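S.K.: Given next are the chains, with one letter for each unit.
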Amino acid sequence: MRLALRPYLLIVPALLLTCGILYPFGLGLYYTLFDFSASKPQPDMVRFENYTTVFTQEAFWNSAWVTVLYAVGAAAVETVLGVAVALLLHRSSLLGRILEKILILPLMIAPVIAAIIWKLMLQPSVGVVNYLLRPFGLGGVQWTDTPTGALLSSIAVDVWVYTPFVAILALAGLRSLPTSPFEAAAVDGAGWWYTFRRLTLPMLWPYVLVAVIFRFMDSLKVFDIIYALTEGGPGDSTVVLQIRAYLEAIRFQRYSFGISYTIVLWAVVYLAAMVLVKHLGKIQRRAAEVT
Amino acid sequence: MDTHVHDRRRFLALAAGAAAAPLLTACGAGFGGDDSKSDGSAADDVTGSFDWKREQGTTVKALLNKHPYTDALIADLKSFTAKTGIKVEYDVFPEDNYFDKLTVDLSSGRASYDVFMLGAYMVWQYGPPGWLEDLGPWMRNSSATGAEWDQADFFPNLLQAGQWSLRAGAPLGQGGQYALPWGWETNVVAYNTEVFRKLGLKPAESFDELAELAASIKRKAPGAGFDGMYGIAVRGSRSWATIHPGFMTMYARNGLKDFTVDGGKLTPAMNSPEAVAFTEDWARMVKRGGPPSWTSYTWYQCSSDLGAEKAGMLFDADTAAYFQAVKGASPASGKIAFHPGPKGPDGSLATNMWIWSLGMNAKSEKKSAGWLFLQWATGKEHLRKGAITHNHIDPVRKSVADDAAYKDKMRHLPGFLETFETVVDQTKIQFTPQAQFFDATTSWAAALQEIYGGKGAQSVLDGLADDLAGKVG
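Chains as they are written, first to last, in full-length UniProt numbering: chain A, 1 to 291; chain B, 1 to 473.
No wet-lab data here; the hints were simulated from the structure. It cannot be assumed that every hint is accurate.
In silico lysine-lysine, DSS-like type, Cα no more than 27 Å apart, as pairs [stated by the list, open to error]:
1) Lys471(B) with Lys40(A)
2) Lys119(A) with Lys287(B)
3) Lys407(B) with Lys66(B)
4) Lys101(B) with Lys221(A)
5) Lys101(B) with Lys40(A)
6) Lys119(A) with Lys66(B)
Beta-carbon label-pair distances, calculated as ranges [stated by the list, open to error]:
7) Asp227(B) with Ala110(A): 31 to 39 Å
8) Gln42(A) with Asp96(B): 56 to 64 Å
9) Leu29(A) with Asp466(B): 27 to 35 Å
10) Asp100(B) with Tyr30(A): 53 to 61 Å
Predicted model only: the values in this text are computed from it and were never measured. Here a beta-carbon is modelled for each residue, glycine too, at the ideal position from N, C-alpha and C.
Take the sequences, apply the hints, and build the full model.
M.R.: Laid out in structure tokens, this is it:
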């Protein structure tokens with residue numbers, strides 16, 4: 001009897017953990033079926049009305065578009081830069097080892113603090129960025145005053161904070177690659193670009209894709225960097241879905257409606273993760289074939 | 001083996017059912033905890049003669065915003081404890097997080113804090129869900145309220161700012177008293193006297209003059225030795241706080257309304273032809289004479305720019321200029337003067353106010369002690385001390401505003417007392433009370449940013465009005 005029960009007892013911690021995750025999630029999902037708000041503490045069941053309202057709002061589509069632009073932009077730049085930095089650091093040298101230590105610094109700063117620091121640095125009249133650009137005749141840039149500028153500035157801060165994360169993952173990947181294919185390529189007289197394109201990159205892809213998955217998912221859920229830098233402005237130009245959900249649920253106290261936004265965001269992140277993870281499996285198999 | 005799999009599946013199904021049970025139970029329990037309400041006020045339980053020591057030994061928990069007014073309160077708390085025997089525990093949060101903290105706390109339905117700071121606009125948000133104690137019965141009960149509290153001593157507009165019937169569009173000054181005036185701010189123009197003297201300028205009496213003055217300072221001040229100075233500091237961040245100070249003051253002086261109210265129905269009016277023209281003029285003034293990176297400007301930046309001699313003028317709360325003007329506070333201290341600001345076309349000096357009020361949690365279990373605290377904090381003795389020995393300026397009580405010691409303290413600031421006395425009777429909440437205030441004004445600030453960015457004012461404000469019509473109507 002004791003032996004028969006053991007497998008079930010072993011799964012109890014995982015089961016509790018799962019319940020701990022699913023309970024608030026399920027409760028949140030349930031609340032979206034009501035019109036629960038500060039002005040309606042005893043709400044009526046409205047079924048899927050919150051979702052239909054979300055999807056018919058121009059504000060939602062604007063936020064969805066901004067979120068996608070932000071996530072794709074940030075993840076793409078961070079991937080390219082991160083891999084490039086990793087390739088540079090891979091050549092072991094004293095300078096490389098020092099740079100590695102420095103590289104990790106932005107990751108030790110809370111993103112919201114990084115955004116505040118950058119907000120000061122990007123300030124047009126007293127910020128250091130315009131001060132440094134002044135000799136080149138570019139000292140008057142109003143970084144966050146235009147919709148495009150605000151979005152690009154937010155992406156730039158994200159890139160500053162998270163490129164090291166991609167670089168560290170890519171560097172770990174580079175250091176774990178087998179040496180024999182590279183030695184064979186060198187013997188055959190293959191050039192750097194050819195080796196990189198046909199050997200390094202295919203074998204490194206699984207590591208890079210893991211970094212992309214993490215960064216893309218995180219960027220879809222961004223709140224702190226944008227809120228601290230632009231508060232979603234100017235206009236609605238940087239109101240990503242998380243900010244919209246926060247405004248609806250906390251600032252405007254339309255709880256059910258705010259949660260509906262987060263559920264939609266969850267679905268988007270979940271689907272994107274599924275696609276990327278499936279892709280990761282394929283790439284891992286392909287990388288194994290190369291080695 | 002098959003049986004084992006089947007058993008495991010059945011076990012998991014049972015476990016899932018067990019996990020779902022509390023979920024369903026919780027859902028069945030309703031939203032936001034206990035909503036049972038009593039018709040009677042807890043104030044009715046206080047009988048007998050008034051006694052400051054009635055709640056001796058009790059501890060009251062307060063939530064406070066980081067502010068010089070709060071510093072004055074905290075510095076004097078020992079007097080309250082000595083007078084009542086009540087201990088006050090408090091948490092202080094910076095303004096950026098303060099209202100989120102308060103909102104989340106009140107909406108939880110718990111009584112983590114018995115008393116707290118709030119503004120009149122928050123009454124519109126916190127009042128309808130029943131989170132705020134109606135202080136009217138406490139004020140009317142002579143057993144609970146000492147005679148020296150003297151309700152008639154408050155400036156009437158300030159007391160009315162916290163009184164509302166909880167009906168959208170209904171005027172203030174009717175219904176329950178959900179907040180008590182404690183400290184306030186009137187929105188006026190403060191300016192750097194040195195740059196005005198050097199450039200031969202004088203304060204603007206009309207809005208057109210103000211816009212021209214701002215542009216002129218931005219153009220000429222750097223040549224007069226004020227490197228990088230611009231004309232006028234006004235708020236511009238994507239927040240409700242951008243609309244309520246200078247913008248709403250000038251908007252009201254132009255006779256403009258945020259909403260029209262007809263039979264209890266609210267219609268957005270920020271897209272009327274006159275409102276559109278004014279909004280365009282405001283955005284143009286900011287573009288020609290305002291701060292660089294205006295869309296991120298909060299009162300902190302506006303205030304510090306005036307103090308750092310980066311801004312020639314400030315159209316914002318008088319306190320935002322005062323804290324830069326006091327001796328040694330900033331490079332501009334000793335050079336800041338006050339003026340009521342431009343008049344409207346009909347000479348109006350209608351001014352929007354910000355009021356730091358004190359309120360009580362409707363769920364508090366220590367209401368009697370909490371009321372003694374509110375009574376003391378808004379009483380003559382503490383407010384006089386705060387105004388004279390600390391920086392609790394802009395008195396909510398007429399007796400403090402008329403006090404010779406207070407006037408002596410403020411007299412060294414050019415124009416401060418004259419400006420205060422000129423606008424005090426015309427300063428009130430210029431917005432239409434309604435629960436969607438924060439949504440409306442945040443969206444309004446976003447619209448203002450878009451117009452500043454070059455979009456057509458009429459189409460942007462039409463879009464705003466359409467959006468708001470469905471929410472507040």
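S.K.: Now look at each hint and say whether the structure bears it out.
M.R.: We went through each hint and held it up to the structure:
With a CA separation close to 14 Å, the supplied pair Lys471(B) and Lys40(A) stays within the 27 Å bound. About 20 Å separates the Cα atoms of Lys119(A) and Lys287(B), which keeps this hinted pair within 27 Å; it holds. Note on Lys407(B) and Lys66(B): the hinted pairing holds, with a Cα-Cα distance of about 26 Å set against a maximum of 27 Å. This hinted pair checks out: Lys101(B) and Lys221(A) have alpha carbons roughly 22 Å apart, not beyond 27 Å.
Taking the CA atoms of Lys101(B) and Lys40(A), the gap is about 20 Å. The hint holds against a cut of 27 Å. A distance of roughly 22 Å separates the Cα atoms of Lys119(A) and Lys66(B); the hinted pair therefore holds under the 27 Å criterion. At roughly 35 Å, the beta carbons of Asp227(B) and Ala110(A) sit within the given window of 31 to 39 Å. Under the hint 56 to 64 Å, the C-beta atoms of Gln42(A) and Asp96(B), about 32 Å apart, miss the expected range.
At roughly 31 Å, the beta-carbon separation of Leu29(A) and Asp466(B) lies within the given 27 to 35 Å, and the hint holds. Range check, Asp100(B) to Tyr30(A): about 24 Å between beta-carbon atoms, so the 53 to 61 Å window is missed.
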